Amino acid sequence: MNIVVYLKQTFDTEAKIALNSSGKIDSAGVNLVINPYDEYAIEEALKLKEKFGGEVTLVSIGNERVQEALRTALAMGCDQAILVNDPGLDNPDEWVKAEVLAKAVSTISYDIILGGRIAVDDGSSQVAVRLADALNIPSVTSILKLEVEENKATVTREIDGGTEIVEISLPAVLTAQKGLNIPRYPSMMGIMKAKKKELKVMSLADIGISIAELPGKMNTLDYSLPSSRKAGIKIAGEVADATRELARILREEAKVI
Amino acid sequence: MAKGIWIIVEQSKLEIRKVSLELLSQGRIIADKTGEPLVAVILGKDVTELSQKVAAYGADKVILVDDDKLAEYTTGAYTSVLNKLIRKEEPQAVLLGNTAVGKDLAPRLAHRLAVGLASDCTSMEIDEESFLTFMRPIYGGKAFAHVALNARPVMATIRPNIFPLAAPDDSRKAEVVNEAAVIDPADLNVIIKEIVIAASERPELIEANIIISGGRGMKGPENYSILEECADVIGAAVGASRAAVDAGWIEQKFQVGQTGKTVSPTLYIACGISGAIQHLAGMGSSKVIIAINKDPEANIFNLADYSIVGDLFEIVPLLTLEFKKLV
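Keeping their order, the protein sequence lines are chains A and R. Residues in the first sequence are numbered from 1 upward in steps of one, following the working numbering. Residues in the second sequence are numbered from 1 upward in steps of one, following the working numbering.
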């Protein structure tokens with residue numbers, strides 16, 4: 001069973017966000033990590049590999065800093081990695097990323113493509129699903145449980161207010177929700193081995209895409225920071241009085257109860 | 001030529017999701033300003049009876065696709081039907097709620113249509129060139145991206161609880177059009193085995209007007225009952241911080257924050273939540289925030305509108321009693 005994991009490197013969720021002098025999100029000095037939801041995807045891929053054999057290939061889009069995230073995933077136990085790094089891919093939109101990924105995986109044999117259900121940076125939850133459409137294979141999002149036999153999978157996914165169990169034939173794209181598994185940490189041995197694993201850096205030309213033929217569909221006009229909320233009123237006094245006052249304020253002033 | 005603003009109406013068991021009504025309400029305003037007709041698109045089984053309700057919320061036209069194969073939402077079938085309809089009718093904009101269904105369907109549909117998609121938007125503005133532009137929170141709400149889409153239709157999923165509901169006008173009438181469900185066989189690729197909806201009288205977290213959340217200060221799973229009692233008095237949903245979820249006290253689906261649900265209720269009551277940046281990212285757009293925490297230095301106090309420094313185990317039950325007097 002061969003598995004592809006679409007990995008994205010993101011800011012640490014503890015990172016504070018600032019804009020740089022050109023009004024873009026400032027990445028200087030920010031700690032970069034594997035997108036937390038992609039860790040569930042990696043773990044699930046490794047579990048499938050342990051059960052069925054085969055290889056786990058990572059694919060990612062980004063600059064040389066992404067190699068660090070890929071090496072970490074290789075140290076967890078993935079077998080090889082492809083990084084599409086090209087100056088033509090400056091802030092690509094979801095359409096472009098999905099088309100690039102579709103091309104990048106077209107030379108690999110795969111039964112399942114796993115990704116995170118959302119990336120904690122742009123939060124768009126699009127690329128993996130778009131990739132499935134580009135490849136013309138089923139997609140199941142926000143999965144909590146995966147059982148694979150032969151060339152079909154039974155998947156439990158999160159829906160609003162509950163869960164749903166669906167059956168699909170493979171190959172398919174699945175996106176991982178928290179709760180699917182508990183990701184492993186790379187072992188010392190894994191880290192040593194990862195250094196020797198193949199991490200192929202490819203340009204758009206290498207995968208056979210001309211960026212001129214792949215214009216984006218979305219433009220970011222500008223970035224802004226939320227107006228920061230200010231500390232409000234601390235209601236002092238005896239607990240019973242303070243609570244009564246809070247209820248009164250919510251009713252009479254804020255008018256939210 | 002006017003081609004319309006389409007709202008993809010989400011319904012389950014003939015109950016229309018609140019966010020769909022919010023989109024119709026806001027869609028009406030945009031329709032009036034742009035002169036475009038507002039079109040409600042409803043897929044499902046026996047959905048005809050929903051036409052009047054969407055008309056009351058502002059739809060000029062209702063497109064119904066009524067078919068056994070659409071009785072339950074599946075990615076492939078819904079994508080197939082909508083792709084064909086949109087290619088035929090060429091609307092200016094297609095808007096969906098950013099719900100589990102919206103998040104699953106919109107990217108697939110956008111890719112099939114070869115268009116862009118603005119996800120999880122919190123505002124939209126009329127634009128001469130792009131028809132609409134959108135603001136979307138990124139980094140879990142720590143920043144915003146203002147985006148424009150350069151293909152038609154412009155597509156977006158809109159966060160629930162952002163746009164106010166219009167007062168429904170039952171005298172409004174809409175043109176109702178039935179369309180056949182044309183589904184590519186290749187899109188019938190998922191078999192639903194089981195749907196389990198957790199029995200809860202409480203509102204869905206992302207659509208709740210009021211949320212009462214507990215964090216590390218809850219001390220254990222058994223104590224969530226005090227939040228639940230309070231929630232049931234005021235019709236609130238119960239939420240949690242990552243610390244409480246990671247401790248195994250409450251299920252992950254209740255987690256609010258950058259790695260959980262993003263919410264924007266009218267009232268958010270944070271109990272025993274310190275206010276880690278990743279939690280604030282998920283609830284910072286709430287209209288009114290209440291903090292109850294015994295640590296006077298807790299970060300949550302820096303953004304709460306009203307707060308009480310004290311023991312939540314004392315305060316929350318008292319608050320429940322006070323709320324009982326009010327409702």
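Since the hints were made in silico from the structure, they are not lab data. Some hints here could point you the wrong way.
[To be verified] Label pairs and their computed distance ranges (CB to CB): (1) A:108 x R:246: 31 to 39 Å; (2) R:294 x A:198: 50 to 58 Å; (3) R:219 x A:14: 31 to 39 Å; (4) A:185 x R:182: 44 to 52 Å; (5) R:221 x A:152: 35 to 43 Å; (6) A:90 x R:200: 41 to 49 Å; (7) R:29 x A:253: 52 to 60 Å; (8) R:195 x A:149: 18 to 26 Å; (9) R:225 x A:147: 28 to 36 Å; (10) A:253 x R:170: 40 to 48 Å; (11) R:171 x A:23: 43 to 51 Å; (12) A:63 x R:194: 41 to 49 Å.
Just so we're clear, the structure is a prediction, and the values are computed from it rather than from any experiment. Backbone N, C-alpha and C define an ideal beta-carbon position, used for all residues, glycine too.
Right, here's what the structure says about each hint:
1. For residue 108 of chain A and residue 246 of chain R, the hinted distance range of 31 to 39 Å is satisfied, since their beta carbons lie about 35 Å from each other.
2. At about 54 Å, the beta-carbon gap between residue 294 of chain R and residue 198 of chain A stays in the expected band of 50 to 58 Å.
3. A hinted range of 31 to 39 Å is violated for the C-beta pair residue 219 of chain R and residue 14 of chain A, which are about 24 Å apart.
4. Distance hint check: the CB atoms of residue 185 of chain A and residue 182 of chain R are about 50 Å apart, consistent with the given range 44 to 52 Å.
5. Checked against the hint of 35 to 43 Å, the pair residue 221 of chain R and residue 152 of chain A passes, with Cβ atoms roughly 36 Å apart.
6. Roughly 46 Å separates the CB atoms of residue 90 of chain A and residue 200 of chain R, a value that falls within the hinted 41 to 49 Å.
7. For the pair residue 29 of chain R and residue 253 of chain A, the beta carbons lie near 28 Å from each other, so the given range of 52 to 60 Å is not met.
8. For residue 195 of chain R and residue 149 of chain A, the hinted distance range of 18 to 26 Å is satisfied, since their beta carbons lie about 22 Å from each other.
9. A hinted range of 28 to 36 Å holds for the C-beta pair residue 225 of chain R and residue 147 of chain A, which are about 34 Å apart.
10. Taken as a hint, the range 40 to 48 Å is violated for the pair residue 253 of chain A and residue 170 of chain R, whose Cβ atoms sit roughly 34 Å apart.
11. In this structure the hint that residue 171 of chain R and residue 23 of chain A lie 43 to 51 Å apart at CB holds, the actual value being about 49 Å.
12. A C-beta distance of roughly 44 Å is found between residue 63 of chain A and residue 194 of chain R, which places it inside the suggested range of 41 to 49 Å.
Hints 3, 7 and 10, counting from the list given before, are not met by this structure.
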